Amino acid sequence: MSRPQIVAVLVSLAGIAVSIYLTLLHYAGVVPGCPVTGPMNCEAVLSSPYALIAGLPVPTSAAGIVWFGVSAVLWLRPLSWIHLAWSAVGLATVVYLVFVEIVRLGVVCLWCSAAHVLVIAIVLITLTVWPARDTVKE
Amino acid sequence: MGARRPARRAPVRKPVAGTPPWVMPAAVVAGLALLIGAFLIIRWYTTPLPPTPPSKDSTAQIVSTITALPASEFDTVGQGTANNLVKPISGQALTGSTGKPEVFYYGAEFCPYCAAQRWPLIIALGRFGTFTGLQTTTSSSNDVYPNTVTFTFRNATYTSQYLDFRAVETTDRDQNPLQSPSPSEQQLVNSYDSGGTIPFIDVANRYAASGAMYTPDTIGGMSWLAVADSLKQPDSTQARAIIGSANLITAAVCKATGDKQAEVCSSAMIQGLEKNLK
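Each protein sequence line maps, in turn, to chains U and S. Counted from 1, the first sequence has number 55 at position 55 by the numbering used here; the numbering is strictly sequential. Counted from 1, the second sequence has number 1046 at position 46 by the numbering used here; the numbering is strictly sequential.
Calculated from the structure, these hints are not laboratory results. Model, not experiment: these values are computed from the prediction. A hint or two may mislead.
Only part of the chain S face toward chain U is listed, based on derived beta-carbon distances under 8 Å [claimed, not checked]:
1) P1021
2) M1024
3) P1025
4) V1028
5) L1032
6) L1035
7) I1036
8) F1039
9) L1040
10) I1042
11) R1043
12) D1143
13) V1144
14) P1146
15) T1197
Note that the Cβ used here is the ideal one computed from N, Cα and C, for glycine as well.
With these hints in hand, go ahead and build the complete structure from the sequences.
Take a look at the structure:
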């Protein structure tokens, strides 16, 4: 495995850990420890309707487990268009969730932001190694 | 001297495009920064202004309305859609300045969850005594659920033959310091609200509740009068949430005070909720 692959797998595993933590807290009815005043408010974000997928009793963080899990598996394989497409899905989701936090709720959840940063890190790794794939043999 | 044919070299991988590899990641980072900036601007322009507060007479009328709801209203709603956050706690019995069981409230004016929870708290305690000096306010304009209409306990007094009430509003709606808990009150918060969630309500050290029992969105965009009017309709979304929450608090107070307010506590509905409180 190349170094970017190793880094991407490790970042994916970190994302799985954060997502599992948030999902477990959701089902335990516990709010993660983070500031609850001003623009930082995990409680407000995680207790909002946006913290559930389509109103179902499934937290958004569960989708994070799936995304990072698929990402970890993908990065064990050679780079392909699937990596780029999966990164695009993750980036679009992060943009939407950041929109919800800033515009709809007016507050940011630190733990959610940690997961967002990990998604963006994987997107950046994908884009960094992608040009090297577009090569020809002379 | 004949020309020598050069040896065949192994294929070399060579980038097709001359774009440096850092350009795309940098573009994504820049795009994200622009998007976040745009979101902040949208948020700034779409944050509503706080509603105009009602006059002193209107405020008194609204308080009178919500503290004089008929018993049938409470019985019809039951727990409604309220989330039962009341947990049993054990500690030395909490008594107030007159020696009666004390209900202790700890919150802040900026906090939207406190804004939501004050409605059922006032309604519940209104069944055991009388509030004076309640003033209208709204939660912060810059927090989640901005400008949630509510009342503040900062200058309020409460009299009851069954219990004492003590409230601490730590900051105003702009998060400026307002009131501080006494050392013993701070100890209650540390002991029974270790997560630091507000609002925190302690019912005589028998029961405690942290957080709001319904989402502040339930009364989002409504005026004080509109909320009060909605509570007259037991099937309204607001009544099912707020009166349901008030009934849970009432059940906790009834149990902590030995059902002394028989007119309220003898209700089959309240007795049923008391059984669920453990």
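Legend entry - When the least beta-carbon distance from L1035 of chain S to chain U is tested against 8 Å, hint result: holds (6 Å)
Legend entry - Status of the hint placing L1040 of chain S at chain U (closest C-beta pair under 8 Å): holds (6 Å)
Legend entry - Restraint outcome when F1039 of chain S is required to lie within 8 Å of chain U by C-beta distance: At about 4 Å, which falls below the 8 Å cut-off, the nearest Cβ of chain U leaves the hint on F1039 of chain S intact, so it holds.
Legend entry - Hint check, V1028 of chain S versus chain U [nearest Cβ-Cβ separation less than 8 Å]: holds (6 Å)
Legend entry - chain U contact restraint on M1024 of chain S - CB to CB distance below 8 Å: Hint on M1024 of chain S: holds, closest Cβ of chain U at ~4 Å, below 8 Å.
Inset, instruction - Mind checking the CB of T1197 of chain S against every CB in chain U and telling me if the closest is under 8 Å? - result: holds (7 Å)
Legend entry - Interface hint outcome for P1025 of chain S [beta carbon to chain U under 8 Å]: holds (4 Å)
Legend entry - chain U contact restraint on L1032 of chain S - CB to CB distance below 8 Å: Check passed: Cβ of L1032 of chain S comes within 7 Å of chain U, closer than 8 Å.
Legend entry - Given hint R1043 of chain S near chain U, where the shortest CB pair must fall under 8 Å: holds (5 Å)
Legend entry - Closest C-beta approach of P1146 of chain S to chain U relative to 8 Å, hint status: holds (6 Å)
Legend entry - Interface hint outcome for D1143 of chain S [beta carbon to chain U under 8 Å]: Constraint on D1143 of chain S satisfied, holds at 6 Å.
Legend entry - Interface hint for V1144 of chain S, Cβ within 8 Å of any Cβ on chain U: Check passed: Cβ of V1144 of chain S comes within 4 Å of chain U, closer than 8 Å.
The structure fails none of the hints (numbered hints given earlier).
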